[in-house]
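Engineer: What follows is the residue order along each chain.
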Amino acid sequence: MPLSAITNLAQPPDLLKRFVPALLEMRLQVGGVDVLMQTNDSLMLDAVRDFETDSPTVQQAFVWKLVRDEEVQAGPSEPMVIQREPVVVVSLGPACLIGVDSERRELLAFIGGGIDDRAFRSFILPALRHLMEYGPAAANAGGSRLYDEKTLDAVSQMPIGGSDA
Amino acid sequence: MGIQTIDPATLPLREQLFVAGAFCSVSTNSHVLIESLAHWKCSPPDAPARSFELAVRVHSSGSGWRAAVPHFRGMHHLVFATFGERDLFVFDLLRRTAAGVVCQKTAEDACFWKHLLIPVAIGVIGTTMGLIPLHAACLDWRGAGLMIFGESEAGKSTLAVELSRRGFSLVSDEWTYIAEANSRTTAYGITAPVKLLADAPRLFPELSRCKPSKSLNGEIAFEVDAAQVFGSATRSQSSPHWLIFLKRSERPGCELLPYGRDETRNFFEQSAERLPAQFAEIAAQRSQTIARLVQQDCRVLLYGGPPQVAADALEKFCKGADLCH
Numbered sequence: 393m394p395l396s397a398i399t400n401l402a403q404p405p406d407l408l409k410r411f412v413p414a415l416l417e418m419r420l421q422v423g424g425v426d427v428l429m430q431t432n433d434s435l436m437l438d439a440v441r442d443f444e445t446d447s448p449t450v451q452q453a454f455v456w457k458l459v460r461d462e463e464v465q466a467g468p469s470e471p472m473v474i475q476r477e478p479v480v481v482v483s484l485g486p487a488c489l490i491g492v493d494s495e496r497r498e499l500l501a502f503i504g505g506g507i508d509d510r511a512f513r514s515f516i517l518p519a520l521r522h523l524m525e526y527g528p529a530a531a532n533a534g535g536s537r538l539y540d541e542k543t544l545d546a547v548s549q550m551p552i553g554g555s556d557a
Numbered sequence: 005m006g007i008q009t010i011d012p013a014t015l016p017l018r019e020q021l022f023v024a025g026a027f028c029s030v031s032t033n034s035h036v037l038i039e040s041l042a043h044w045k046c047s048p049p050d051a052p053a054r055s056f057e058l059a060v061r062v063h064s065s066g067s068g069w070r071a072a073v074p075h076f077r078g079m080h081h082l083v084f085a086t087f088g089e090r091d092l093f094v095f096d097l098l099r100r101t102a103a104g105v106v107c108q109k110t111a112e113d114a115c116f117w118k119h120l121l122i123p124v125a126i127g128v129i130g131t132t133m134g135l136i137p138l139h140a141a142c143l144d145w146r147g148a149g150l151m152i153f154g155e156s157e158a159g160k161s162t163l164a165v166e167l168s169r170r171g172f173s174l175v176s177d178e179w180t181y182i183a184e185a186n187s188r189t190t191a192y193g194i195t196a197p198v199k200l201l202a203d204a205p206r207l208f209p210e211l212s213r214c215k216p217s218k219s220l221n222g223e224i225a226f227e228v229d230a231a232q233v234f235g236s237a238t239r240s241q242s243s244p245h246w247l248i249f250l251k252r253s254e255r256p257g258c259e260l261l262p263y264g265r266d267e268t269r270n271f272f273e274q275s276a277e278r279l280p281a282q283f284a285e286i287a288a289q290r291s292q293t294i295a296r297l298v299q300q301d302c303r304v305l306l307y308g309g310p311p312q313v314a315a316d317a318l319e320k321f322c323k324g325a326d327l328c329h
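Chain order of the listed sequences is A and B.
Heads up, the final residue of the first sequence is numbered 557 in this note's numbering, and it's a clean run with no missing numbers.
Heads up, the final residue of the second sequence is numbered 329 in this note's numbering, and it's a clean run with no missing numbers.
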């Protein structure tokens with residue numbers, strides 16, 4: 393008798409959504425940084441492409457992995473930013489969770505279905521750029537801590553749209 | 005609420021915890037939070053084999069709503085957890101750190117730490133320290149661990165409580181954490197409360213003075229301290245000796261059948277949490293621990309009728325075993 397007949401644990405669900413495929417890939421430049429963008433959403437890919445800047449590379453390459461999280465339809469909540477260097481996390485509740493590891497040069501984000509293309513372009517993308525350009529490593533090198541205020545400024549202008557409480 | 009810096013150097017209060025075989029160095033700015041974590045307080049270890057850091061800033065900008073269900077997401081080495089409007093954590097699996105910000109109300113809520121945050125932290129970061137979370141109850145009989153597996157509502161908790169009333173010590177009723185050190189395998193519990201479904205007073209009259217409530221997964225259940233309500237002896241750890249898979253049967257009675265080690269091993273491998281690519285070495289260590297675990301006595305318990313039937317069979321089986329190990 394197989395144990396799968398006894399319990400239903402044989403195929404653990406991906407509860408954290410760690411393994412959502414992000415098969416759309418593009419290399420581009422954002423504010424002097426070479427970015428390898430990976431996503432599962434062509435609209436986000438287009439938005440980042442439009443955001444591309446043409447300036448000389450001044451920082452080591454970054455990976456952006458942006459996952460559209462359609463399971464979350466709630467609107468953004470009040471922003472929270474926590475820093476535990478070298479990691480910074482920006483949260484707008486389940487609607488938007490962004491983590492930046494400046495040491496590993498990774499920007500990882502879940503963007504809920506409740507954040508539309510306009511909000512993504514207007515508020516989230518500028519925040520992503522600030523987080524990458526002025527993240528802890530850059531801030532330490534330049535002695536500036538402005539990056540967090542800029543990030544918070546960017547996301548805090550987004551209209552808050554309810555919660556799933 | 006603004007930006008919260010969770011730098012241990014700026015969090016003045018320190019505490020050392022011991023949870024499920026792992027040491028946790030806590031730093032915070034809140035005496036109230038230290039009190040909420042007192043359950044696991046321990047002396048600082050000399051050279052901890054398994055340790056992680058928990059840094060929590062308690063903010064004073066008012067309490068927000070608590071979400072009915074916590075929200076978790078993870079990518080690569082980072083896991084995010086939001087528990088409500090003003091409670092946010094990030095778990096960094098590579099650096100073995102958990103950092104978060106919570107409101108005063110959450111800091112004061114010992115149940116939040118005992119039932120939710122600490123078990124989640126162990127579940128998320130524990131794997132990187134060689135702790136394998138297994139969905140199993142665990143009891144101890146004279147130093148030998150009895151692990152009981154089965155899907156939700158198979159009766160693990162009921163059986164665990166019933167056996168604890170028959171002289172077994174309770175280690176855990178739902179999640180057990182397996183670790184290996186010096187060629188020994190150990191099963192740890194988290195001393196979370198025992199969860200019994202709303203109809204449990206039929207079997208356990210002691211529950212008549214308790215009130216069921218809505219549990220985290222939305223079920224109405226009794227979540228009680230087994231030592232207080234049933235007078236159960238409890239232990240924080242045991243050495244796995246028997247691995248029992250529960251299976252309800254239509255036929256009354258009970259059968260305890262041997263089960264193959266290879267099949268058991270395959271089952272554990274398939275049911276283990278998938279890990280990101282950067283944790284390949286940890287996944288390999290996990291496989292070694294599983295291989296050692298399944299060297300124990302593996303059996304399937306088929307039973308029909310009330311849980312006492314299964315408890316009778318297991319009691320007789322374990323108490324009659326030769327435990328000269």
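To be clear, the hints were calculated from the coordinates, so they are not data collected in a lab.
It cannot be assumed that every hint is accurate.
As the list claims (entries may be wrong) - From the structure, some residues in chain A lie toward chain B, with a derived Cβ separation under 7 Å:
(1) Leu-408
(2) Arg-410
(3) Gln-421
(4) Ile-474
(5) Arg-476
(6) Val-479
(7) Pro-486
(8) Leu-489
(9) Gly-491
(10) Leu-500
(11) Phe-502
(12) Arg-510
(13) Ser-514
(14) Leu-517
Claimed, not checked - Derived CB-CB ranges, DEER-like:
(15) Asp-508(A) x Gln-312(B): 55 to 65 Å
(16) Thr-445(A) x His-43(B): 48 to 58 Å
(17) Arg-510(A) x Trp-69(B): 38 to 48 Å
(18) Asp-229(B) x Gln-465(A): 30 to 40 Å
Unchecked claim - Calculated from the model, a selection of chain A residues having no Cβ within reach of chain B, i.e. all distances over 12 Å:
(19) Leu-420
(20) Asp-442
(21) Val-473
Virtual Cβ for every residue (Gly too), placed ideally from N, Cα, C.
Engineer: Look at each hint and say if it fits the structure.
Structural biologist: Each hint, compared with the structure:
no., hint, result
1, Leu-408, "3 Å, holds"
2, Arg-410, "5 Å, holds"
3, Gln-421, "23 Å, violated"
4, Ile-474, "5 Å, holds"
5, Arg-476, "4 Å, holds"
6, Val-479, "6 Å, holds"
7, Pro-486, "4 Å, holds"
8, Leu-489, "4 Å, holds"
9, Gly-491, "4 Å, holds"
10, Leu-500, "4 Å, holds"
11, Phe-502, "5 Å, holds"
12, Arg-510, "23 Å, violated"
13, Ser-514, "21 Å, violated"
14, Leu-517, "18 Å, violated"
15, Asp-508(A) x Gln-312(B): 55 to 65 Å, "57 Å, holds"
16, Thr-445(A) x His-43(B): 48 to 58 Å, "52 Å, holds"
17, Arg-510(A) x Trp-69(B): 38 to 48 Å, "27 Å, violated"
18, Asp-229(B) x Gln-465(A): 30 to 40 Å, "38 Å, holds"
19, Leu-420, "20 Å, holds"
20, Asp-442, "24 Å, holds"
21, Val-473, "4 Å, violated"
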